[in-house]
Amino acid sequence: MAKQQYYKITEVVEYYSINKTLITHCIEQEWIDPVDPETQKLDQEDISRINFIQELQEHMGVNDEAVPIILHLVDQINVLRLKIESQKT
Amino acid sequence: MTFDPYAVLGIAKTATQNEIKKAHRKFAKKYHPDLNPGNSKAEKKFIEITKAYELLETPIKREKFDRGEFEQAQSFSSGGGSKAPFYHETQNGGGRYTYSFEAAGNDIFDSLFTNFNTSQTGEFNAPGGDQFYRMEVEFKDTILGAEREITFPPDKRFKVKIPAGIETGKKLRFAGQGSPGLGKGAAGDSYIEIQVKPSPVFKRVGNDLEMELAVSLSEAILGGTVEILTLEKPIKLKIPPGANTGQRLRVKNKGVMDTRLKTRGNLIVILKVVLPPKIDAELKEMIQTWSQSHTYNPREKSKG
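Taken in order, these protein sequences are the chains called A and B.
The numbering of the first sequence is our numbering, which starts it at 1 and goes up by one.
The numbering of the second sequence is our numbering, which starts it at 1 and goes up by one.
No wet-lab data here; the hints were simulated from the structure.
These figures come from a predicted structure and were not determined experimentally.
Treat the hints with care, as some may be off.
Each computed DSBU-like pair below joins lysine-lysine, with the alpha-carbon atoms no more than 30 angstroms apart [said to hold, decoys possible]:
1. B:LYS184 x A:LYS8
2. B:LYS170 x A:LYS20
3. A:LYS83 x B:LYS171
4. A:LYS83 x B:LYS184
5. B:LYS61 x A:LYS83
6. B:LYS30 x A:LYS83
7. A:LYS41 x B:LYS61
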């Protein structure tokens, strides 16, 4: 199994060109739940979730009020996909 | 074939910047892969429209393109940094965020129809998400139980009772301490997953603890009393004469606390006979004399 990569916020800003303000906003709003809450280190799931939030806000005009609703629904869709896939096998 | 971003976005070459932005926004909402997970056609279309938009998103970039200085868009992200996978790709096989829905024990089909509701005033209500944390706990505390103080972000402090006998992977639930709900929706729960810090001395086997104890040649042959560690204070253990490597001595009620059965497992001490670091002439001579009249085959039992 590949080793789990954890990134500091400064590393995410550098490697993924994501604005630091957006990252801290996502944490404050509890839209993301850093994999390591104490040191606020992020993993790939957190980073991709922030990327998605960035897309929603910058390219789709979604405001702060709607972000958690969309995330909630998207997470439910992902659960449903898993359930459906597990039914197939 | 030349890539035509205007055609991809469905706009005229005379379109204003605002029209370009609007067209991109319309397609992004329709084809974003995280809104169409598993739909490869949508993903392909999304990458295409993003590439088109990157060529036209500012008047400078657009002028460059119109002059024929075609630049391949580097990625779907306008930042130009490393490309992260789409969010849904990180949840394939069950990521932390996806897991949060299942861990609460809700039936997802039910929750789709019962957890969300729109009130008569049009207010949207939805339960808050669950939060997941991991906590490393000292081996001793997981065996005997302990109380610890923890802080949920940003600064909610709680006293946690770590139940005796808890194992790695078990979760402690804090009802209502997750993300706040939307509208009148209830707050989610917080879960702390326990990770037991391994002990260099003890190994847990069910409700028993096992430890290896080195004994000297003379202790093994003649027997004796030695001091051993337990999770509480050290105790005296009697080594019977003729003890051997692998022999298991049981110390009652020094193992794992079982709060449900209100009993306690045992501490199993596994002996390991250790020869002196240097075999001196006296020992060698003594063994030579002894072995001449006392032959035995220690491998006899292992014969096929």
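Taking the hints in turn, this is what the structure says about them:
1. B:LYS184 x A:LYS8: violated, 35 angstroms
2. B:LYS170 x A:LYS20: With Cα atoms ~34 angstroms apart, B:LYS170 and A:LYS20 exceed 30 angstroms; violated.
3. A:LYS83 x B:LYS171: Since the Cα atoms of A:LYS83 and B:LYS171 sit roughly 23 angstroms apart, the hinted pair holds (cutoff 30 angstroms).
4. A:LYS83 x B:LYS184: holds, 28 angstroms
5. B:LYS61 x A:LYS83: The given pair, whose Cα atoms are some 44 angstroms apart, is violated under the 30 angstroms limit.
6. B:LYS30 x A:LYS83: holds, 24 angstroms
7. A:LYS41 x B:LYS61: violated, 36 angstroms
In summary, the structure is inconsistent with hints 1, 2, 5, 7 from the numbered list given earlier, while agreeing with the others.
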